[in-house]
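Number of protein chains: 4
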Amino acid sequence: MSGQWGKKVKYSIFGESHGRGIGITIDGLPPGIKLDMDFINGEMQRRAPGRDEFSTKRFEGDKVEILSGYFNGYTTGTPLCGVIFNENQNSKDYDKLKNLARPGHADFTGKVKYSGFNDYRGGGHFSGRITAPLVFAGAVAKQILFDKGIVIGSHILSIGNVFDNYFDGVNLKIQTLADVLRKDFPVLDDLKGKEMKNIILKAKEETDSVGGIIEGSILNLPCGLGEPFFDSLESNLAQLLFSVPAVKGVEFGMGFEITKIRGSKANDVPYISEEKVLTKTNNNGGINGGISNGMPVIFRVAMKPTPSIAKTQNTIDMATGENSEISVIGRHDPCIVLRALPVIEACAAMSILDFI
Amino acid sequence: MSGQWGKKVKYSIFGESHGRGIGITIDGLPPGIKLDMDFINGEMQRRAPGRDEFSTKRFEGDKVEILSGYFNGYTTGTPLCGVIFNENQNSKDYDKLKNLARPGHADFTGKVKYSGFNDYRGGGHFSGRITAPLVFAGAVAKQILFDKGIVIGSHILSIGNVFDNYFDGVNLKIQTLADVLRKDFPVLDDLKGKEMKNIILKAKEETDSVGGIIEGSILNLPCGLGEPFFDSLESNLAQLLFSVPAVKGVEFGMGFEITKIRGSKANDVPYISEEKVLTKTNNNGGINGGISNGMPVIFRVAMKPTPSIAKTQNTIDMATGENSEISVIGRHDPCIVLRALPVIEACAAMSILDFI
Amino acid sequence: MSGQWGKKVKYSIFGESHGRGIGITIDGLPPGIKLDMDFINGEMQRRAPGRDEFSTKRFEGDKVEILSGYFNGYTTGTPLCGVIFNENQNSKDYDKLKNLARPGHADFTGKVKYSGFNDYRGGGHFSGRITAPLVFAGAVAKQILFDKGIVIGSHILSIGNVFDNYFDGVNLKIQTLADVLRKDFPVLDDLKGKEMKNIILKAKEETDSVGGIIEGSILNLPCGLGEPFFDSLESNLAQLLFSVPAVKGVEFGMGFEITKIRGSKANDVPYISEEKVLTKTNNNGGINGGISNGMPVIFRVAMKPTPSIAKTQNTIDMATGENSEISVIGRHDPCIVLRALPVIEACAAMSILDFI
Amino acid sequence: MSGQWGKKVKYSIFGESHGRGIGITIDGLPPGIKLDMDFINGEMQRRAPGRDEFSTKRFEGDKVEILSGYFNGYTTGTPLCGVIFNENQNSKDYDKLKNLARPGHADFTGKVKYSGFNDYRGGGHFSGRITAPLVFAGAVAKQILFDKGIVIGSHILSIGNVFDNYFDGVNLKIQTLADVLRKDFPVLDDLKGKEMKNIILKAKEETDSVGGIIEGSILNLPCGLGEPFFDSLESNLAQLLFSVPAVKGVEFGMGFEITKIRGSKANDVPYISEEKVLTKTNNNGGINGGISNGMPVIFRVAMKPTPSIAKTQNTIDMATGENSEISVIGRHDPCIVLRALPVIEACAAMSILDFI
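Residue numbers (UniProt numbering), protein chains in the order written: chain W, 1 to 356; chain R, 1 to 356; chain H, 1 to 356; chain Z, 1 to 356.
In short, the hints are calculated from the structure, not lab data. These numbers were taken from a predicted model, which means no experiment stands behind them.
Chain copies aren't distinguished; within one or between two, either way the pair holds.
Pairs of lysine-lysine residues, derived as DSS-like cross-links and limited to a Cα-Cα distance of at most 25 angstroms, are as follows:
| id | residue 1 | residue 2 |
| --- | --- | --- |
| 1 | Lys8 | Lys111 |
| 2 | Lys148 | Lys8 |
| 3 | Lys98 | Lys276 |
| 4 | Lys311 | Lys197 |
| 5 | Lys7 | Lys34 |
| 6 | Lys265 | Lys197 |
| 7 | Lys276 | Lys111 |
| 8 | Lys260 | Lys311 |
| 9 | Lys204 | Lys260 |
| 10 | Lys148 | Lys276 |
| 11 | Lys260 | Lys183 |
| 12 | Lys34 | Lys111 |
| 13 | Lys148 | Lys111 |
Produce the complete structure using the sequences and hints provided.
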């Protein structure tokens, strides 16, 4: 029962990494939206591996075929199902590993949960590949939001110990998001970006991996979105963000750092300027009482280092019940943070679309 | 549409701080559970103010009256509604502030969202008081889980810049949770606890406030709970945690720190011991691929400093549209972290009960 | 998990006939609705027994107390909880029957489902009394719909074998609904009404009961409400109607009779008149493809005769597992159809409000 | 937002009659079910047209391709998506009708609802063709239920004015259901069946159509399934049944006829026989208080005559806003009742699976 989410617009995701196809059904889109297929394909490209010198060389062929809900270039308003048919999946890579639990992965938990019947190839339904349909749905959502003036963007805040500058939560402009989006390595400070790339290369050489933090932002959100308690903006968005494999932390505004300062400093003081209500600071990340206040929504997502590494690791053999060793030979990303940017943005878009 | 949550057990929360009553309906409890009213009242007491030298002196009278779903000492299996009737609410405290937006609160966002019709007194439906019914529901859930051997506990990890020791994610024992629960100020290292209390007192004297981090744990969770993607254990629990007012960050296992180390270090290596599968480390907080692996689930919640402070702050007058000042005279908690422990635990209990 | 329903506006119902209180939480109402308490009380009165010479003499005291979501005469937009505290419940009436399954009731099925822990008094959570909170919620919904020009009304179509005239599905006017609402015995043809009353009286004298059919209507529904498949207008409304105890059949338009005629006769031919699209006939009851077409929505609900009768009946003793006899001495309605009119209308109102 | 349904097992349906594909995602199936593809194909065949002398000659090619959730012959427990790719769709048949509203169809309501963007070809998302994925999902559900001893079956109760015998609600045996399933024209009394076929042929010759009633049954349901109020067995099943195009009425047990008899006659008297609780009659259709009592569940569904007929009918031109005429030339079924049997059974299976 994991594949469904949403209230106004409902999503149903499906697929295994090595099954026939992965996809998502989007139910509740308004009719008459002229889908910008170039934009959607561009978002899929941001996620696909093989574009840069870090990622795996495998080509995943992320072409989405729309089976329904789309006619003559416009959404019909009926459920829209987009499918990515799997090609170029080298299933043999995974045969030998069938009974060995790859540390950090869901091999063991998945085997227990599904009584051994899960498709283990490439991580099956747990594979990061299943984020591809998410990006597709997010692209559609982003387009609809953009038409309403709402813009979503992100950058790599950190890789390992190297940190980029933070977004300016008070003055963040759409132009900044557009500029960083255009870069191959989306950071604000390119020098820091260079350091980050070195860290990734080093990890790759050492058959290891690194993680990082993504900082996201939503601009021009109207005031008043979100509900107190169970459907606060943070609750809704965090639920989606934590759905993404490898996410281990989510924070808004100052996040965990806000716990270290006084209330008098933390409170964002409101003032009126040109008939708009703004706040002098934005430590709350644009959200008060679970509801948007019109200031930029700022959030951060912690992504752990890729679990699949070629380095030999101890593990267990789930068939024999004995301790063993594993070396995940094959095609690995030393760092998925770059590819995760459109996935994180997709979550933000889906979340906001559920409130608008 | 904020008040409903849950799949197997469904909750519906209602109430304003100064309305007739606040409460929650719990729908889907198994029949025949002998509710331990002493335990439930104890949990309500942990949350209530006025117990220690820091909190506000106001007495909130958190006696829960059960209107349905409970007969002859046992749950009936039909919807159980628990209500706390409001007494001792000094509404006059809030009259003068009606049009002034208290910084850090939802006064402005709430007014926009509800077109000015929200009950503003004491924060209305946004009040931290509405966490009382949550604690009640959590107490019922905890009792049911405890009967299955699952134990939930927490401690104050930090207040301001002072940090307690962290839970040992590999070896955490129930006894540790029981010990810390018994303390008036639940920390592992009492010397640190003393420092923290000083920080709170100082803030109180300066009519200011401080925040902190709560670390929670769930022990003896069976392996296999949670679903990949939209209903992962992290997604489900984070959605509830972010529903609690003042929460600005949630992380699992090493959380944000995991982004700074290599994959070879981050991966929790599984091994078999006495026919159980354990991991040598627990950086993932007991969750892989959104599914519990049997190790302790460890998570952390960032709570911002209480927004209500007597210090004068700038703000806006929502009626006139002009800048103004506000001093929230009245009864304030300089720090709500201590009182939030049972609320955070309640979220964890409700979340797990939805999977068992 | 029975108590929750709704998408845009979510309801959560609770209560046992002899518990402390029965009620409903309504989550998602727009803020700023000035509740017409006279109207709401009037609807509660239509449902309450003791008003006419047929019904039971017990007085149920259906005064709704609003605990939240309502401030200074207006809805706040936050969850609104209405509770009816139980008084005047003679629990002793039911003690002797504790182990005897009253035929036609849910005594046996409820005991199995709830492992014997259900509150059996007066039918507990299965009692028709729990329709009182439904009427309250329906009254609120009706008021909101009325402000949008949408009117809901009904009449008793039949009692036993005596049938009133049917609503004119093409020309039905609001005035007709208003006229029939004003009557003590809401039928179109008062002579038929007199026959019906005789049937009810005779059943009462013979310590037996009768059932009947209610015909309902929704006027001025905009075209386009409802969704194909799982959330068609018929699906949505039928789900609510079948929630009402004693309902055993639901039909729309010609209903079961439409199966006996040809397609050329059944099809409602559309035509344009004064820029509105109308149909010459209305055999489909105002709904095509699950979506409203602007014509009056006409539906019918079959209510079985009241199961509780003083006549001695065979049954089983659920404690001993032996066959036995039962005579349900006490206060019984020989016919609940009259009292069910506002309940049926409430379902219609709640259903439409979920689409508007 | 029409495509999603279910609580324990969640379904998401999509597709337009002339789009690329129609399908359904089933989320929540237990892992390890060995799908019987022969059985599933058999169910698809029961629904497909072209098998007998009445139906349309078009061949719809209902081969389901499973894209996910199915591995090595077993369900994986992850979301299972089945797609039927559209072939042999003669879109030209519908071009001329683009602006003419076919009476009885959703052309007009769909155009209004979807602002003219809906795929109008062949009825688009409103097409009866979309019941094919429902039959697939129902087949999977039936298989799971059958393994638990629960059997679902149906027969044509009536076509036009000709009625078959009714199911014996007290003594109905699995063998009866098996026997009727084997027939090309599933009725209990073959002589009546012959009369029915004549009625259909006559309608076909006169380019008209007829409707009928389907009677369904669920045997060996455990006692205790269903919830009082919003999720009663009747509510749940009726919601699905009314999702099927052309359904205009649903009743349980005696249905509308129960309104004509006395309570003393309507009540099903329970008695104990061989340690099982049975009832002497079964006027309530196996359901008391919304909960199954162990007796056969009996229900009936009214299906209106097929709206698409070649006979010329008056209508409106939705583009010009003028009255017009239409003759739906092409391939029409004079009666869809026979083909609807597996669809109705699918609804029953999906409903029960949601409770088990």
